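Q: Sequence:
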Amino acid sequence: MLEGRLCGTLLRPADPQMAGAQVVASYRMRFDPNERGGEGAVTGTVEGLVVRSCAGPGECVEFAAAGTDTNPRTVGDLTVETRDPSGPTAATTVVVWGGHAGLHLWHSATLSFTQPVSRVEVTLVQFAHPPTASAYDASGGTVSSATMTAAQQVPETLVLTGSGITSVVVDSPQNEVLMPKICWQV
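Those letters in the sequence shown? Residues 1 to 186, by this note's numbering.
By construction, these hints were calculated from the structure, which means they are not laboratory data.
Take the hints with a grain of salt, since some may be wrong.
[Stated by the list, open to error] Just the calculated beta-carbon pair ranges, DEER-fashion: (1) 6 / 60: 53 to 63 Å; (2) 36 / 134: 17 to 27 Å; (3) 74 / 6: 40 to 50 Å; (4) 74 / 45: 31 to 41 Å; (5) 14 / 152: 45 to 55 Å; (6) 79 / 48: 36 to 46 Å.
Treat the numbers as computed from the prediction; the structure is a model and nothing was measured.
Virtual Cβ for every residue (Gly too), placed ideally from N, Cα, C.
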């Protein structure tokens, strides 16, 4: 008899609202050994459940209206600073590319929060090379990171979770990434 427990976290589920949910399962397997060991028939069960946080929806900012603003740009509890290879860009710009509206993140963008958060959902659309999003705490330590896997011009929501996230840096080496939306929870 083989018994155990499986535990995990949903990172990229089909339903983005399930991202970060925990999966817990128990398994019990029985096998009929033969003279060479465990090569016989196997029967068993796996029983589990998905555990979701009861936290509220948090705050979200959508970048849908094309236009230019200051750099850094502050919207409520979020401040965004965009950078190109020579330093901060002159302004931040919401653009429409390929039918997708979003804040142009240039080569790098730092997304800062007025207070530490525990979960960030950043929706990105890439047009050249997948970007990486990394969450940092107040001491500059990496809390979480994720890299886009969706094809070009397909929005993907990256979920970053951890204690005390104060900023997220999105690195886009080819300068062709838009951020239509960002949400966070304390």
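Q: Hint by hint, note whether the structure agrees.
A: Verification of the hints:
1. Separation of residue 6 from residue 60 is about 32 Å and departs from the stated range, judged on CB atoms against 53 to 63 Å.
2. For residue 36 and residue 134, the hinted distance range of 17 to 27 Å is not satisfied, since their beta carbons lie about 49 Å from each other.
3. Separated by about 43 Å at the C-beta atoms, residue 74 and residue 6 satisfy the suggested range of 40 to 50 Å.
4. Take residue 74 and residue 45: their Cβ atoms lie about 53 Å apart, and the range 31 to 41 Å is violated.
5. Between residue 14 and residue 152 the CB atoms are about 20 Å apart, so this pair departs from the stated range of 45 to 55 Å.
6. About 40 Å separates the C-beta atoms of residue 79 and residue 48, a value consistent with the hinted range of 36 to 46 Å.
When the structure is compared with the earlier hints, violations turn up for hints 1, 2, 4 and 5 and for no others.
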